[in-house]
Amino acid sequence: MSTPPVHERESYIGQSVVRPQTARLLAGRGVYTDDVRLPRMTHVAFLRSPHAHARIRALDVTAARALPGVVAVVTGEEIARVCDGWVGTLAHFAGMKSAKQFPLALGRATWQGEPVAAVVAETRALAEDGVASVRVEWEPLPAVTDAETALDPATPVVHPELGDNLAFALDVVAGDVARAFAEADLVVRETFLTGRHTGVTLEPRTILADFDPAERKLTVYHSFQAPHMMQDILARHLRLPEQDVRVICKDVGGSFGIKVHIYPDEMAACALAVLLGRPVKFVADRLESFQSDIHARDHRVTAELAVRRDGTFVGMRLDDLTGIGPYSVYPRTSAVEGNQIARLAPGVYKLRDYAAAVRVVLQNKTPMCQYRAVGHPIAFAVMEGMVDLAARELGLDPVEVRRRNLITADMYPCTAPTGYFFERLSHEEALDKILEMSEYARLCEERDRLRARRVYRGLGLCMFIELTTPGPAFYGIGGARISSQDGCTLKLEPTGKVVCLTGVTEQGQGTDTIIAQVVATALGVRLEDVRVLTGDTMVTPYGGGTWASRGAGIGGEAALLSGKALRQGILRVAAAILACEPEDLDLRASRIVDALTGEVRLDLPELGRIAYFRPDTLPKDFQAELAVTRHYVPRHQGFAFTNGVQLSHVEVDVETGFVRLLKHWVVEDCGRIINPRLVDEQLRGAIVQGIGAALWEHCVYDAQGQLLTGTMMDYLVPLAAETPEIVVGHVETPTAYSEGGFKGAGEAGTAGAPGAVLNAVNDALAPLGARVTTQPITPEVVLRALGTLP
Amino acid sequence: MDPTVPIELEVNGTPVRRRVEPRLCLADFLRYDLELTGTHVGCEHGVCGACTVRVDGVLVRACLMLAVQAEGCRVETIEGVSGAGEVSDLQQAFAEANALQCGFCTPGMLLTAHEILRRYPDADPARIRVALSGNYCRCTGYQAIVDAVHRVGGARGRGTR
Amino acid sequence: MKPAPFVYHRPASLPDALTLLERYGPEGRILAGGQSLVPALNMRLATPGALIDINRIAGLDEIRLGTEGLVLGALARLDEVERSPLVAAHAPLIAQALPHVAHLAVRTRSSVGGCVAHADPAAELPACLVALGGTVRALSRRGPREIAAAEFFRGVCTTALGPDEVLTAVVVPRLAPGWRSRFDELARRHGDYALVALAAHARVADGTLAEARLVLAGVGTTPVRAARAEAALTGRRVDAAALDAATRALAVELDPPSDVHASAALRRHLAGVLLRRAVRGLAEA
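Protein chains in written order, with this note's numbering: chain A, 1 to 790; chain B, 1001 to 1161; chain C, 2001 to 2285.
What the hints contain is simulated information worked out from the structure, not anything from laboratory work.
Remember, it's a predicted structure, so these values are computed and weren't measured experimentally.
Which stretches of chain C does chain B cover? Using the computed rule of at least three CB atoms under 8 Å from a CB of chain B, they are:
#1 2005-2013
#2 2029-2039
#3 2042-2056
#4 2095-2106
#5 2184-2192
Just so it is clear, CB atoms sit at the ideal spot from N, CA and C, and this is done for glycine as well.
With the sequences and hints as input, model every part of the structure.
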């Protein structure tokens, strides 16, 4: 039988292939961590502090222990005997301080929701009955809840041993801001507030820890983004050898950064498994999620932009105050958000004279840490808000003001005044493209016409950069055992199929699929011949998992290198079988072909059969190597930056204050795109997440540190009826620092969405002389800005 | 004293007999007692829609129904509905549009979308958006879902399922 | 969040249900649709010793037009009511309001009786009942009772129902000639509890509201009849001056609550906006 020659090497890069795992997810056959059952499995429920700050005067667990079905009731002291505490600081954040934190509070609770005692029972319901039976005598203490006064001498110090409530202070100075301001024709000043909000992953945080006391081995099923990091931390804090700890991530129902941090309740569940020698499962129910998932983005930013009359920027000052929780979160710290706001804000523009101050203060509220697009949404809502403000005050077109200040194509490569290195970005192209895609001029004209009829529409732009693919300095330099490299193992099976093991992980974005696309392309096999496995520390190469949009840029590059290496190995075997040179052959569409003519010489199942079962037919000194591992450390300076621009079109009902989202556009340059549909859908989902923060999402606290928005009725997530159609366009500027040229795209949507919506609302309100600077932009906020409400 | 009561019902066409505590909700019964884990629990408030199932042909929040209340009822979960091929056109459209990412909302979305198209065969995207507002998705931003449902509605209308 | 343990009963008849209610006293809760009760159980905000499930009691789910008016049985599901041609014809206000209640998979279980007896001040159906001059029917071992909707709602989740009474039906008078209805709601997202909602039922003649029944949800501890605003409008041409007078009167008579979703000032203001829109809409229709 003759097969037609294969002339072309199939490239899957740039193809919108359907994700293979959708079939099982659509059939309801996903396996999320709560779907995993183990023999003799128990469930843990936590007694949590109802107070933002309180001493634990007495804790009586006798009634709880006596309940039928309750296996154990454990307090802070007992847990601390098996689990070492942790401190959420990193060495490169000079001066940063945080107190030691334990799985269960010791003597004092410092946030509402902090776990204080653990009840382990045969069912979750019985465990909760146990929690209800625990008797606690609380001595409520004053709660620190106002970031503005956190550093006042009269304010109680959350952790007296730290001296004050300042967790971290940062000053970024570049150029000569004083001179720049003196030279300016105009200085515009504004204060922006972004409301605390949280991730609300639909699958709540879930962990199932199984300790085998016979072998002293711990296996943990974890809905998580970074299994190797968790493995390392569990081993160190539970005092187990690292190779005896295995972390497995099954299907993860959304993460967005919420599931990449260390939580006391999850550590407690693992410690309990060690104590009890039985599997312990913890599922954070929705009430617990609101109280104990990390919060983010609680900031007050005051910005000053100095400009010339022609709209060019001469300098900028930024002052950021953020109130986190009583602890900086481990191990990534709660300083990163403020740090990134300060360093990202001026990044799109040619500004060289810049000064930013960041103060991170402790509060008796839920701990805060990295959540999708860390810092970016705030940085660009501020910067782009200031740009529009300056344009308005100068009477200039906001698009024109941007054009006059953008870093242009001829300026690359360059280093931002705040230290970030830009290889090459495409601001001008992206801006041109979005204006064209949206028919911006027509929309402006329509907006102006409708104003005469008292219909108030607005258009808001937000230009942004996004840091992706972080290099080794990001966390490692501070002493964190967080891996910034990643690895990919490829194995050719006897049947000619390829198994791929990768250290990056999957939470629905399509990691499995894009890695397969890269592997298939680099190897020269059909996509359907590749199987990808992620999320098992015992099986995959050591890697960092998913965060900071690193999957494509780092995991993808490791996969590419691995694919090329295995291809060489396969061709060597083929050459040995066919008695020729490897250079005479190629691997295309899973077949060994003549490199020049494309004639099919051998298929992979036959190669596999011979290599694995008939090596007697190969030269005596020949050893087939059909499994390879390659690792990749990103070598660019710092990050692979991407850039984009978003446009929001809104209509504000000035009678009710309600904002209606008419449409949204994004043009994103995320380097070479592996799977366009997956990138577009990531952008859409991320944009809606940003829109949620702009209009609805808010973790509201009262003055006593009580969370008022602790249910799905009170915390408003975006739903289908209110979210707009989102149109996506691209520019593609691959990075030259890697062979694949891939950069990240997971967070860009969130980075630019709030800024676009804020600017659009302000554009709508401009004729009425009103402006909003607070998110979420509620009807109350709009009506107060209009003077309708006091 | 045994707090459990006996129940008999039909789940995905199969008769089922168990003893359950009255406080056990239908979602937990399906997931733990019957190990049908395709129905997901996202809030236990009745807001997110991840637990949506069909009881006697009607869409229901399984987290707001007690298992004991399903006595004598015909319960259908995603496993049954999918296995019967009832939503195969929606599943295909979802896959092609990437109208699911993590998949946690997906069973509820499919059952709800199917019911929407049954009630409003000509549903336009605006109507679909309103009708899907009881199903929270954090990953997709909804557009791909709405597009997929709309496309299937059109195909069903033309008889080209 | 799993409920605290409780005993479960499923009486087959109303007399059996009443016996159980009496037996358990305050420890017994009626379970109808469960869409409000079960979340409360799940959050352990409610920890009754016993649930009395009335869902299988025959004859409680009717939607019927009788001589007394439109009868909606306590177990009529909101979804059935929303789609009923009888309701569309004889209580269009309710048909307009129900699409705002939560979402489809909740409305399939949510019952008329449960919704009315739960008496959430931001709920749509209670406001509609008051606007339509409806009546609540209740039954206890002492016999049946009828309570005017205007007297039924006493406070936040508090009604005139006695601890030993079960709501069996609500009755809405037949729609009289010249009467029009209009339901408006402002909510942050579709299906949320209203920030403010207005159930407006008026007899319109010649661009004038001859009689008006304007009932607001979300602005008090119960549905609030905007009596002063009605007085400012009744018998007048609906023009700018009339609307101004009505809005001013409304602002005076309302004392809305402040909560995490809206301040009192916002609610007061939004009520005025809804009033103007609804009244203009009714007069022009």
